[in-house]
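Protein chains: 2
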Amino acid sequence: MKTTALIMAGGKGERFWPKSRLNLPKQFLSLTDDGKTMIQLTVERINPLVDMKDIYISTNENYRALVREQLPEIPEENILCEPIGRNTAPCIGLGAVHAAKKNEEAVMIVLPSDHLIKSNEIFIDTFKEAIKIAESGPNLVTVGITPNYPETGYGYIKYSSDSKNGNGVAVEKFVEKPDLETAKSYLEDGHYLWNSGMFVWSTKTILEQFKKYMPSTYEGLLKIKDAVGQADYTEVLNKEFPLLESQSVDYGIMEKAENIFTLAGNFGWDDVGSWLAVGRIKKNDENHNCIAGNVVSINTSDCVIQGQDKLIATVGLKDMIVVDTDDAILISSKEHAGEIKQVLAALREQGKTQYL
Amino acid sequence: MKTTALIMAGGKGERFWPKSRLNLPKQFLSLTDDGKTMIQLTVERINPLVDMKDIYISTNENYRALVREQLPEIPEENILCEPIGRNTAPCIGLGAVHAAKKNEEAVMIVLPSDHLIKSNEIFIDTFKEAIKIAESGPNLVTVGITPNYPETGYGYIKYSSDSKNGNGVAVEKFVEKPDLETAKSYLEDGHYLWNSGMFVWSTKTILEQFKKYMPSTYEGLLKIKDAVGQADYTEVLNKEFPLLESQSVDYGIMEKAENIFTLAGNFGWDDVGSWLAVGRIKKNDENHNCIAGNVVSINTSDCVIQGQDKLIATVGLKDMIVVDTDDAILISSKEHAGEIKQVLAALREQGKTQYL
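As they're listed, the protein sequences go chains A and B.
Residues in the first sequence are numbered consecutively from 17, following our numbering.
Residues in the second sequence are numbered consecutively from 17, following our numbering.
Just chain A, same shape as in the assembly (with noise of 0.2 angstroms):
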């Protein structure tokens, strides 16, 4: 069966403000001390398996010039602009009828643009495997990550050690984003992976799968993908997008289906969820401290500290994020981090949208 691929990449990346913007999302950022973007990670990790034209980015008009610049491997076709956001299942839905209008029969994997793997040669036998199960019959599968803390941003993924499917387990269910104590039980029962919503099923089972949780959603993908390769496209995308159900596939598929198995992912693997990550990402200092740019540091340690040519002297500074850019500057508790998305919601307010 033909493999394919669709790389999601139409998020605002809120949490990397103010190097992500709204003309420049955490995806098309370089975040790692190569200098390749997130995007041009998970495109390069993912050849090995998928041809760069079976490749599809799910994207929105604003980007589609970024990928265009930082992919130019991937035919222009396969840049799906969603005239809106509807959230991962419409998303998916338009990448498997691309998928399907091309190869009736095909794999697709389903992945994030903005996560880091450790180990591509983990990630590409790990996927392989996804891909056997996913060709053995009308199986949804997740990969999904074997926890080493409690944590509470995430969803879980139960499954059964009784049911295999080759290296696969059966999911017994799918859940929301614990909190600490069930956290801890989860990590203690040994049964839990993360969900990190990376997926691979033939686009047949997925679209199957629409047709019985997500029917009017399901006729709408049908009508664009009869619009696909015509002239009238563009006309059809924009008017039967806008009116699919705006929903995740975990709530709107994979909490309701049968089949489905995981697969533990152990190749280092990292959403890079805040300006916290690159601490752990990049190389620090003695101090605990990730600087890059022109900094100069008294008594400060376990701080992440982005400058550019502007000196930032910081003393006495502790668990702290400082993220500079031409126009703006962040200066953040390590804590507080979440609450940078209160910076955006007040700039909007204040009508200060030239840093958003």
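No lab work stands behind these hints, which were simulated from the structure alone.
It is possible that part of the hints are untrue.
[Unchecked claim] Covered by chain A, per the in silico footprint, the following chain B stretches (three or more residues, Cβ under 8 angstroms):
#: 1; segment: 219-231
#: 2; segment: 325-332
#: 3; segment: 336-345
#: 4; segment: 359-369
Quantities reported herein were computed from a predicted structural model and do not represent experimental measurements.
Ideal Cβ placement from N, Cα and C applies to all residues, glycine included.
Take the given structure of chain A and dock chain B to it, following the hints.
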């Protein structure tokens, strides 16, 4: 007796980096909401007691242009440029010989150029009293500040209520910066004032003290006095001044002299010793922040944030100092603000002298 004033304006103001720079130190900055610089406020404050032509500014060649620009009413010949910094005793001696050259019988008020005063009216009344004492005999008058907390960063003046001169009381001794326990005992004792570095005496009296306690400095000062107004003044100054003993007036004269009186200055004094002081001086918002410039603050309290054009976004900050300038930004905890000098040392070491 003619009243003159010497305003000491040679300091580097390192604790106000990055606004205060080698080429624009604290005394030439505006730190208040009225837009006037520290030295302009100082001159304006004393002017009701001293004619502009009798105000001397002690500084160095680097700041001559700044003094002329900010204080155009001060005669050019009253700008006294030290060839090299030799601490306060030679600085005061130089002012004394200039004032004495013009008026053999003159009262001399000595003031720092970078302090703030809340009530100019009470300030003037206090100095009128001080002038009376200075005119009434060979007395040295220092204006102290009634302490309202056990500050360990200032020297103290111990006075005796037994011996009075007008409203002035006799100084028993000068004491160095105390530790916290000692400072507390001073506060409890009730006979201690902060040593603010403000003095009043006649030029004749202070020069007599030099003769008695710093005789070689006195000899040098006399040579300079002879040259005042002469063609070879600069030549003589450059030769003699560097030979003067580098010494504070407190240690060199005040700790040894007799006939010292003090007045308690209750005019709302602030030496604006660091960025922390700006939080005291300027208006604070409801979260006890002192914020200027283009700033968005989320969950931020008890901070001093001095922005410019660039957007500064703060999240989860408490007790912090943030000061932005065109080429450098300081981010410091209030607790460690004293270590700003280490930033300057690091910059010197790294050869980044453009930021000093």
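Hint check:
1. 219-231: violated (count 0)
2. 325-332: holds (count 7)
3. 336-345: holds (count 6)
4. 359-369: holds (count 5)
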